[in-house]
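Chemist: One letter stands for each residue in the lines below.
There are 2 protein chains.
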Amino acid sequence: MKKGNNDMIENLRQELNSYLHEYMSGKGSYNKKIYEAMQYSLDAGGKRIRPILFLLTYMIYKKEYRNVMEIAAAIEMIHTYSLIHDDLPSMDNDDLRRGKPTNHKVFGEGIAVLAGDGLLNEGMSLMFKHCLKDTNKNKVNACSIIAESAGVEGMVGGQTVDLLSEGAKIPIDQLYYMHSKKTGALIKAAIVSAAVYVGASEDEIDKLSYYGKKIGLAFQIKDDILDVTGDTKKLGKKVKSDANNNKTNFITTYGLNKCMEMCNSITSDCVEVLRGINRDTHDLERLTVFLLNREN
Amino acid sequence: MKKGNNDMIENLRQELNSYLHEYMSGKGSYNKKIYEAMQYSLDAGGKRIRPILFLLTYMIYKKEYRNVMEIAAAIEMIHTYSLIHDDLPSMDNDDLRRGKPTNHKVFGEGIAVLAGDGLLNEGMSLMFKHCLKDTNKNKVNACSIIAESAGVEGMVGGQTVDLLSEGAKIPIDQLYYMHSKKTGALIKAAIVSAAVYVGASEDEIDKLSYYGKKIGLAFQIKDDILDVTGDTKKLGKKVKSDANNNKTNFITTYGLNKCMEMCNSITSDCVEVLRGINRDTHDLERLTVFLLNREN
Chain A
1 MKKGNNDMIE NLRQELNSYL HEYMSGKGSY NKKIYEAMQY SLDAGGKRIR PILFLLTYMI
61 YKKEYRNVME IAAAIEMIHT YSLIHDDLPS MDNDDLRRGK PTNHKVFGEG IAVLAGDGLL
121 NEGMSLMFKH CLKDTNKNKV NACSIIAESA GVEGMVGGQT VDLLSEGAKI PIDQLYYMHS
181 KKTGALIKAA IVSAAVYVGA SEDEIDKLSY YGKKIGLAFQ IKDDILDVTG DTKKLGKKVK
241 SDANNNKTNF ITTYGLNKCM EMCNSITSDC VEVLRGINRD THDLERLTVF LLNREN
Chain B
1 MKKGNNDMIE NLRQELNSYL HEYMSGKGSY NKKIYEAMQY SLDAGGKRIR PILFLLTYMI
61 YKKEYRNVME IAAAIEMIHT YSLIHDDLPS MDNDDLRRGK PTNHKVFGEG IAVLAGDGLL
121 NEGMSLMFKH CLKDTNKNKV NACSIIAESA GVEGMVGGQT VDLLSEGAKI PIDQLYYMHS
181 KKTGALIKAA IVSAAVYVGA SEDEIDKLSY YGKKIGLAFQ IKDDILDVTG DTKKLGKKVK
241 SDANNNKTNF ITTYGLNKCM EMCNSITSDC VEVLRGINRD THDLERLTVF LLNREN
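Protein chains in written order, with UniProt numbering: chain A, 1 to 296; chain B, 1 to 296.
In short, the hints are calculated from the structure, not lab data. Quick caveat, the model's predicted, so the values are computed rather than measured. Treat each hint with caution, since some may be false.
[Stated by the list, open to error] No farther apart than 27 Å at their CA atoms in a straight line, the calculated lysine-lysine pairs in the DSS-like style are these:
#, chain 1, residue 1, chain 2, residue 2
1, A, K33, B, K32
2, B, K207, A, K169
3, B, K137, A, K133
4, A, K213, B, K62
5, B, K62, A, K33
6, B, K207, A, K133
7, A, K137, B, K213
8, B, K133, A, K207
9, B, K129, A, K213
10, B, K129, A, K137
11, A, K105, B, K129
12, B, K32, A, K169
13, B, K169, A, K27
14, A, K169, B, K33
15, B, K129, A, K62
16, A, K207, B, K213
17, B, K207, A, K129
18, B, K33, A, K133
19, B, K33, A, K32
20, A, K32, B, K213
21, A, K213, B, K27
22, A, K47, A, K27
23, A, K129, B, K32
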């Protein structure tokens, strides 16, 4: 493992922020409001974990990450659409997201539904347009993996189970299912799609796929930990919301200490897998550890 | 113009119905409910206008329409997602669609949002998977045209303007904008994408693009006519809903007689364009006239 660029993750985050902000700026006519609503949620200060995972995985193989900014941006648009819809009164009914009023609190429920729809459509469109530039199978396959992870066997399926489980104690299998779909699917897809895009070997795709699955799980357990130990100010959303909504999560299932242990051990496992790839995975490793230690 | 197959349109409709029904059958585990909700709206008896327009345009050039059933199905999924979201309480708040209770009336609002999301994602995924089978630029371009028509400069944009215009008298320009996006965009895209898919000449694509734009407009004017002259039973939804909601539409702008005239004249124009294409466009012509005379 070679030494990575310490500023790379922060650079990527800033480039993504600019890209996403610019993308929605100065557009629209009669439909101007929908660009405002989409931009509001994109600009709300996400960590950009998923697109950064995509870009860093791509960069294990290729330097020119700007060639795939469109796909990275599409991933973040798909993620942001899901947050807007999850926050709706008919879903989790959240007023606060990333420290700001949720989309429907600012723009009303109808526009929030459409802002979510708009971001999902725009993300998919961006991927098709990217494939059009220079059509090849690996690209289309990468986009297909991302699209599928967002669907009914991915994020939508997970959110369905989450919605149906509200107030009920659910079995462990179902808890794992729910999170592997709702949160895990797009995280894993971001990583695997990048490996497929660059034409990585089957062995490396397998390793990165394992890594993607595990980092998604650690991410969710950490989220549940922060829901108990974090503070509203740093998190930008209400803490203990799961406990208050009688939701089963990793803490209610395993307890706080065991969850912290699990999170540490899965993170070590992830780092181990990355080190087993005979390439410079230093930045990806840094991000992995950052996710373990994050406070929001 | 050669003689077309009189049963072809009905055949296609039935094949689409089976395809869509089968697609959602027996799938899911913990997320089973979302397949039920998506299937409910897909099975509610739509006319399948958009996918049939796609298939008939394709068939001007190529016989083997079953090769592109995936794209036709994707178009109908995207259309159905938009209906589910448009019917939501935060949007048009409709209780009845195609003679049946709307999705949120049966499954609740949260699941209805997710059923719409699921159909949109599934439609996009199906298109990526279709492109993967045998990747070529025309295919990807066709799918890109469809995806874009669903987005913020298409259906989502039109629905945004519709939502923001509620109860307000809007200028004619805005009315045309609204419908060309909300209803027209996917209709036109269904036709143009098929022409692009088969590699039609630029001249033919131009003609079909003009046809697509006009048929979409005639379709919407006819919808507004039926909103006044139709009956709830045949329409499967409430009549005079625009008048009751103080919505500007083609009737409130031009009056009934003028609208019927416009509808006839645009339809003639459409048939004329089709006859200017030196191929067998008989089935497409039949569908065009059917749309003029429909009672729902």
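Chemist: A separate judgement is required for each hint: does it hold in the structure or not?
Modeler: Here's how the hints hold up against the structure:
no.: 1; hint: A:K33 x B:K32; in the structure: violated (35 Å)
no.: 2; hint: B:K207 x A:K169; in the structure: violated (59 Å)
no.: 3; hint: B:K137 x A:K133; in the structure: holds (9 Å)
no.: 4; hint: A:K213 x B:K62; in the structure: violated (43 Å)
no.: 5; hint: B:K62 x A:K33; in the structure: violated (42 Å)
no.: 6; hint: B:K207 x A:K133; in the structure: holds (25 Å)
no.: 7; hint: A:K137 x B:K213; in the structure: violated (33 Å)
no.: 8; hint: B:K133 x A:K207; in the structure: holds (26 Å)
no.: 9; hint: B:K129 x A:K213; in the structure: holds (22 Å)
no.: 10; hint: B:K129 x A:K137; in the structure: holds (11 Å)
no.: 11; hint: A:K105 x B:K129; in the structure: violated (37 Å)
no.: 12; hint: B:K32 x A:K169; in the structure: holds (19 Å)
no.: 13; hint: B:K169 x A:K27; in the structure: holds (24 Å)
no.: 14; hint: A:K169 x B:K33; in the structure: holds (18 Å)
no.: 15; hint: B:K129 x A:K62; in the structure: holds (25 Å)
no.: 16; hint: A:K207 x B:K213; in the structure: violated (49 Å)
no.: 17; hint: B:K207 x A:K129; in the structure: holds (24 Å)
no.: 18; hint: B:K33 x A:K133; in the structure: violated (39 Å)
no.: 19; hint: B:K33 x A:K32; in the structure: violated (35 Å)
no.: 20; hint: A:K32 x B:K213; in the structure: holds (23 Å)
no.: 21; hint: A:K213 x B:K27; in the structure: holds (23 Å)
no.: 22; hint: A:K47 x A:K27; in the structure: holds (25 Å)
no.: 23; hint: A:K129 x B:K32; in the structure: violated (33 Å)
Taken one by one, the earlier hints fail for this structure at numbers 1, 2, 4, 5, 7, 11, 16, 18, 19 and 23, listed in ascending order.
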